[in-house]
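Asks: So the sequence lines, in the order shown, correspond to chains A and B.
The first sequence runs 1 to 213 under the UniProt record's numbering.
The second sequence runs 1 to 213 under the UniProt record's numbering.
The hints are simulated quantities; they were obtained by calculation from the structure and are not laboratory data.
Given the structure is predicted, the values throughout are model-derived calculations rather than measurements.
There could be a bad hint or two in this list.
Copies of the same chain look alike in the list, so a pair counts if it works inside one copy or between any two.
Lysine to any residue pairs mimicking SDA-like chemistry, simulated, CA-CA at most 20 Å apart [to be verified]: (1) K22 to T159; (2) K114 to A126; (3) K39 to L148; (4) K121 to R132; (5) K39 to R136; (6) K127 to S117; (7) K35 to R111; (8) K127 to D59; (9) K127 to R111; (10) K39 to D210; (11) K2 to P87; (12) K22 to R132; (13) K2 to R40; (14) K35 to Q125; (15) K114 to R132; (16) K127 to G149; (17) K114 to H133; (18) K39 to R144; (19) K39 to T137; (20) K127 to T61; (21) K39 to G50; (22) K2 to Y26; (23) K22 to T153; (24) K39 to E140; (25) K114 to T129; (26) K127 to L181; (27) K22 to I88.
There are 2 protein chains.
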Amino acid sequence: MKLYNYFRSSASFRVRIALALKGLAYEYVPVHLAKGEHKRPAFGDIAVEGLVPVLELDDGTRLSQSMAIIEYLDEVHPVPALVPADPIARARVRALAQVIACEIHPVNNLRVLKYLSHELKVDEQAKNTWYRHWVRTGLEAFERQLALGPTSTFCFGDTPTLADCCLVPQIFNARRFDTPLDGLPRTMAAFDACMALPAFQQAQPSACPDNEA
Amino acid sequence: MKLYNYFRSSASFRVRIALALKGLAYEYVPVHLAKGEHKRPAFGDIAVEGLVPVLELDDGTRLSQSMAIIEYLDEVHPVPALVPADPIARARVRALAQVIACEIHPVNNLRVLKYLSHELKVDEQAKNTWYRHWVRTGLEAFERQLALGPTSTFCFGDTPTLADCCLVPQIFNARRFDTPLDGLPRTMAAFDACMALPAFQQAQPSACPDNEA
Chain A
1 MKLYNYFRSS ASFRVRIALA LKGLAYEYVP VHLAKGEHKR PAFGDIAVEG LVPVLELDDG
61 TRLSQSMAII EYLDEVHPVP ALVPADPIAR ARVRALAQVI ACEIHPVNNL RVLKYLSHEL
121 KVDEQAKNTW YRHWVRTGLE AFERQLALGP TSTFCFGDTP TLADCCLVPQ IFNARRFDTP
181 LDGLPRTMAA FDACMALPAF QQAQPSACPD NEA
Chain B
1 MKLYNYFRSS ASFRVRIALA LKGLAYEYVP VHLAKGEHKR PAFGDIAVEG LVPVLELDDG
61 TRLSQSMAII EYLDEVHPVP ALVPADPIAR ARVRALAQVI ACEIHPVNNL RVLKYLSHEL
121 KVDEQAKNTW YRHWVRTGLE AFERQLALGP TSTFCFGDTP TLADCCLVPQ IFNARRFDTP
181 LDGLPRTMAA FDACMALPAF QQAQPSACPD NEA
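In isolation and in its complexed conformation, chain A is listed as follows (with noise of 0.2 Å):
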């Protein structure tokens, strides 16, 4: 398998995640975002959202959408498992991604905030207001969500599934733009016990082979 992936999309990071908990090997295929190689004509033959991360199978067939590759590494290697079996349980763990993956990751990446600051004229100051509000609105939700189950040490349960491999990049970027993340006891204690995990250290920017830090 190859995934063409950034070191600092969450989405990429996500499905690195995913494949790490796995224990699968892929090529890494550095696309670097930034510098808008996503945008250009070999790229647009591999991915015709434009977008990263798309995972490759040996046969060539590309997957696009972080939580459908996700989903579909969880259907052909079932172990571990990313995604209950349960069907409530399997509702809550998706819900929970989602809080992460529909309601604010969306409105927080790349283009939308270039867009902003580009077409908008609105001032870097503002611009990092709007993140850390999007972020925070949206994680306090998650925490109060994470507040309706029993206490567990990840998200859901005592192992990592999907809500895991989607809280995790959010955190880092909630970091990067120095959000609050006081009073969101259970989701940063899910982190904590998500980073103490070997998967989430490999899959984690710094330790990519495209990280330029």
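Position chain B relative to chain A; hints supplied.
Replies: Here is chain B on its own, set in the frame of chain A:
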């Protein structure tokens, strides 16, 4: 079952379609987003995220996030299937749904538009341009994704799927904001095929009890 929802909410509309396609009866509980009913304490007790839709099961369990709800419905009421059986096909359907649910809709929902107007003082014209920009960009990506697959009546294959549940409300929204929909032949053909079905007709905003038109 009870569905807490709003006639014009496109995430609510997705779930109404799924319920109608499966022929499942439910109590329609309107939550008037434009009047801020979702921010009142009574609804906060029901929906910790303060968002619609919320599906309340007969035992009181509440599920949030439209795509998680639809996958749940598909698991417990598998006929007709809204997600195909093959893992690659499942990934394609989910990716199509996510192009809409993760790339287009979140950037254009009511609270984001309100933030643009109230916090960033973006005028009506620029706000509408923003709206149409993300819808158009997203639908063009959606069209390119559809074009990768074989000809089909709906977004994927010859029966409606999760992807169609997401597409149809997005096209309704696009039209409300006068977004050009030319040059999207596969997308609009799938939309038209959906709207020829009673389930999509029943679920549309104008057929809802809280519709104000």
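Asks: Now, for every hint given, state plainly whether the structure supports it.
Replies: Do the hints match the structure? See the list:
{"no.": "1", "hint": "K22 to T159", "in the structure": "within (12 Å within a copy, 33 Å between copies)"}
{"no.": "2", "hint": "K114 to A126", "in the structure": "both (13 Å within a copy, 15 Å between copies)"}
{"no.": "3", "hint": "K39 to L148", "in the structure": "between (42 Å within a copy, 18 Å between copies)"}
{"no.": "4", "hint": "K121 to R132", "in the structure": "both (18 Å within a copy, 18 Å between copies)"}
{"no.": "5", "hint": "K39 to R136", "in the structure": "between (30 Å within a copy, 17 Å between copies)"}
{"no.": "6", "hint": "K127 to S117", "in the structure": "both (7 Å within a copy, 14 Å between copies)"}
{"no.": "7", "hint": "K35 to R111", "in the structure": "within (12 Å within a copy, 31 Å between copies)"}
{"no.": "8", "hint": "K127 to D59", "in the structure": "neither (42 Å within a copy, 44 Å between copies)"}
{"no.": "9", "hint": "K127 to R111", "in the structure": "both (13 Å within a copy, 16 Å between copies)"}
{"no.": "10", "hint": "K39 to D210", "in the structure": "within (18 Å within a copy, 43 Å between copies)"}
{"no.": "11", "hint": "K2 to P87", "in the structure": "between (31 Å within a copy, 18 Å between copies)"}
{"no.": "12", "hint": "K22 to R132", "in the structure": "neither (32 Å within a copy, 40 Å between copies)"}
{"no.": "13", "hint": "K2 to R40", "in the structure": "within (19 Å within a copy, 48 Å between copies)"}
{"no.": "14", "hint": "K35 to Q125", "in the structure": "neither (23 Å within a copy, 31 Å between copies)"}
{"no.": "15", "hint": "K114 to R132", "in the structure": "both (16 Å within a copy, 16 Å between copies)"}
{"no.": "16", "hint": "K127 to G149", "in the structure": "neither (34 Å within a copy, 38 Å between copies)"}
{"no.": "17", "hint": "K114 to H133", "in the structure": "both (17 Å within a copy, 13 Å between copies)"}
{"no.": "18", "hint": "K39 to R144", "in the structure": "between (38 Å within a copy, 15 Å between copies)"}
{"no.": "19", "hint": "K39 to T137", "in the structure": "between (31 Å within a copy, 13 Å between copies)"}
{"no.": "20", "hint": "K127 to T61", "in the structure": "neither (38 Å within a copy, 38 Å between copies)"}
{"no.": "21", "hint": "K39 to G50", "in the structure": "within (6 Å within a copy, 36 Å between copies)"}
{"no.": "22", "hint": "K2 to Y26", "in the structure": "within (5 Å within a copy, 44 Å between copies)"}
{"no.": "23", "hint": "K22 to T153", "in the structure": "within (19 Å within a copy, 36 Å between copies)"}
{"no.": "24", "hint": "K39 to E140", "in the structure": "between (34 Å within a copy, 14 Å between copies)"}
{"no.": "25", "hint": "K114 to T129", "in the structure": "both (14 Å within a copy, 15 Å between copies)"}
{"no.": "26", "hint": "K127 to L181", "in the structure": "within (19 Å within a copy, 30 Å between copies)"}
{"no.": "27", "hint": "K22 to I88", "in the structure": "between (23 Å within a copy, 18 Å between copies)"}
When the structure is compared with the earlier hints, violations turn up for hints 8, 12, 14, 16 and 20 and for no others.
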